[in-house]
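Starting from two chains that each stand alone, build the complex the way the hints lay out.
Protein chains in written order, with my numbering: chain U, 1 to 224; chain H, 225 to 495.
Hints are not guaranteed to be accurate.
Unchecked claim - Heads up, incomplete: computed chain H residues facing chain U, CB under 10 Å, no partners named:
#1 GLU407
#2 ALA411
#3 PRO412
Stated by the list, open to error - Label pairs and their calculated CB-CB ranges:
#4 H:ILE425 with U:SER114: 19 to 27 Å
#5 U:SER143 with H:MET233: 35 to 43 Å
#6 U:GLY17 with H:ILE425: 38 to 46 Å
Claimed, not checked - Straight-line distance between alpha carbons at most 16 Å, and here's what the computed EDC-like set of lysine to aspartate or glutamate pairs gives:
#7 H:LYS396 with U:GLU97
#8 U:LYS93 with H:GLU401
#9 H:LYS338 with H:ASP328
Quick caveat, the hints were computed from the structure, so don't treat them as lab data.
The beta-carbon is built from N, C-alpha and C at its ideal position, and this holds for glycine as well.
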Amino acid sequence: MSNVISAKNLTLAYDNGRKEIIKNASFNIKKGDFVFITGPSGSGKSTLLKSLYGQLKPKEGNLVVGGRDLANIGSRQLQELRTHMGIIFQDYKLINEWTVAKNVVLPLMIAGYSLDVQETQAHRLLKHVKLSEHADKYPLELSGGEQQRVGVARALAKNPVVILADEPTGNLDDYSSNVIWDLMENACQQLETTVLVVTHKIPTIFSLPYRHFIIESKGVYEVH
Amino acid sequence: MKFIKNHLMFILPLMAILLGIEFYLVFDRTTDSYEKGLKEGYTMLVVTKKPVTLQKLKQLNPHIATLEAIKRDQIVSEVAKGVSKESRKEILAALPYFYNVGLDSYLGTAALEKIKKDLEKDATIKRVETFGSSYSSAYRLFAFIKFLLKVFIGFMGIVSLFLIIKQMEIWKYAHRERMQVMEIFGAPLMLRAGVLFKVAIFDAFIATLLTSAVFLYVKFVWAAQSGIDLMMQKQDELFKMTDMAILLGVALLLVIMAVYTVVFSSKGVQE
Chain U
1 MSNVISAKNL TLAYDNGRKE IIKNASFNIK KGDFVFITGP SGSGKSTLLK SLYGQLKPKE
61 GNLVVGGRDL ANIGSRQLQE LRTHMGIIFQ DYKLINEWTV AKNVVLPLMI AGYSLDVQET
121 QAHRLLKHVK LSEHADKYPL ELSGGEQQRV GVARALAKNP VVILADEPTG NLDDYSSNVI
181 WDLMENACQQ LETTVLVVTH KIPTIFSLPY RHFIIESKGV YEVH
Chain H
225 MKFIKNHLMF ILPLMAILLG IEFYLVFDRT TDSYEKGLKE GYTMLVVTKK PVTLQKLKQL
285 NPHIATLEAI KRDQIVSEVA KGVSKESRKE ILAALPYFYN VGLDSYLGTA ALEKIKKDLE
345 KDATIKRVET FGSSYSSAYR LFAFIKFLLK VFIGFMGIVS LFLIIKQMEI WKYAHRERMQ
405 VMEIFGAPLM LRAGVLFKVA IFDAFIATLL TSAVFLYVKF VWAAQSGIDL MMQKQDELFK
465 MTDMAILLGV ALLLVIMAVY TVVFSSKGVQ E
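Chain H with its partners taken away, still in its complex shape (with noise of 0.2 Å):
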């Protein structure tokens, strides 16, 4: 009984290291094309009074990406229906020119009133819409959680880090004779240290294989009866074979670094 209380009180903060390493890497995955989305599907809206080039608008503003025409004809219908072929004419002739314009990257409010500044400089440009209040709100919505994940697993790694090293004391205090023993016979600090090393690496194994059983069960069973459309088309994303690698060797650097810190934090026994 005690073995498994002295073994879970180091596997378990080691696994809530590993749960949140392995959950943000499955929320970047599967929020990816999101992302990617709201970033590369905003476009802003140019009225100009003449057509223009993509060349000309990136001359205004360098972050100016892509420029894409909306046919003038298709409003002209959409707005002139039941109207004479002479006064459609005379409408189209009178009908700006509007274009979609996408940019290189995602950018703030700021930065889009720049541009939209940028572009009203020109004569030729009559208005420019950037919707900036939606997309913002979207994007910064996405990105605020996101950030706020990225603290609580930060906050919980170093609180769990703590744990581990305390563990790692208490282990260090049970078999202070025996290290005792093998420092006054001259032995070096890592065969010292021994003991602590093959069970802390015996727990990082434990903890990766625990982690990963949640995910694959998340990935093979809860997902699939979810019924959360995201989920389910994302199921691949939720866990992947190269993923346990990655918790292996975090949760083995963890373990080792934890070791360290603890043996040489009490070096030596000169009184």
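With the rest of the complex left out, here is chain U (with noise of 0.2 Å):
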């Protein structure tokens, strides 16, 4: 199956290339991989994350995400990219301005979808993630479950190539944190979406055939 990311001698590093996070990182994910990637506080999980989303440009080496060099890649084209990403963050980033339903079609209002579609869509995904209820709701008014639930809802939206996630059950209890790994499970056995996520701790109760990265001495290794 082809790799959907590709990262080879892959240097990451802030402070414009002073401060090194990921050294000489190189690992394939392919179609339809579940991938964790866990490691020590400040290890460099989620640089390595953002890098996957093209928020920081690699120092060094190569990182091809999507067929795209993400090391030359343009801003039209990095746009365009991650539009066939879905993003999930530990502290939610919904807009707090929008409802619930408005939050969840923001990668189809991206992609350019009419009102029509956007709402039928608004409709089912919000089933999928049980909140059909809060609909017409803003995001302060759920509780942090529900809010990363809509997170979630919002990343499946455009059916991505690979879903990102980062901590995405950090700060929810274990109900909620269950309903997020069956969702992104469902997302991964259904539609064989690639998903990778960050963590400290790879869930007990997983059924799903996964991979495990570690990130350890600016190593990123892959435990079998």
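Structure, rendered in structure tokens:
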């Protein structure tokens, strides 16, 4: 199966290249893989994820996502690439001035879908994450778990090629966490979406086969 | 309250620019005839031994545009009252020829002096009186006032533009999170900055309407009651509907420029 993400001798750094976080990392992730990335705090898990959605350019080496080399990508191409990604954040990053339904269809709005399509999809997605009755509420009226479900629904809105999740259950209780894992497992299983999750801890109840990478001492290693 | 304050912080500097522009337009229109009068009403006096033609004077200096002879009979009848017919004939014969000479454009004192010298080179011309000092001082005062007005409006415009950009940055800060989320999901710049454009364009309309309202009040209420002749005579010139289009055009141009300046100045989130 083809690689969705491919890194070769990847070095990531902050402060104009002075502070290296990841050094000479090489890995490949295929379509439909479910990947956990773990490591101690400050090891560079979130940094790696940022580089995958183009927020941080590689200092050295190659990083190819969806066939695009992120070291040499233009802003238009990056925009286009991001429309094929679903991104989930620990702090949800919902737009608080928008209703839940509008937040969910943000990727569709960006892709230029008609209002009718957006409305239908919002209904379908909110039903999928069991938040139909909250469509017209605002994010701050929901609990943390519910907000994260909105975040997951938004990430799934356009059937992305890859889902990147940064500590998606970091602020949630066990029940809400399980709901989020279920949703991501379903996306991976049913739609063959590649899912990359940065987390401190791999969930104990997880039915899907997965790959596990550890970031340690600036290196990225796969655990077999 | 905060909503109104946020909008006023943008509308007021924009209005300052629009008021300046409209004030200049009105000033220019109402003083246009005065300026024309200063330019075109000017003539110099030329005294010659023999009759001269416009063609001849133009050859001496190309700035000369009109020539009007002052009737000598009238001069004689004024100065020779009670004098016999014979003496009157002698006076007329001895009297030089007087002409009012107009110029093709407004000229400074030095240029007037040059014309005087050019004309006096001709032997038939006895004397040239330019009245340069009174002409020049009136026009210069007018030109100086106009220049000061331009400088003031320009300065006010620059300061106001900075205030507009500052306010735009505050808005951008307020909408930063939303714009970042949209960027992460691949929204193009125009869509991300859409909210700034919407607010700015709305405020541009409001500022135009308020500025127009001020001048409509001046035109229909204040001018009529002011007792100032110029205002009453030139009431129609105080505000024209085309001005509203000019103001709206300028306001939209300014706000679009301001949004672009702010959005592009902090483009990209590369770390």
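(request) Could you check the structure against the hints above and give me the numbers of any it violates, in ascending order? (result) Of the numbered hints given earlier, the structure breaks none, since each of them holds.
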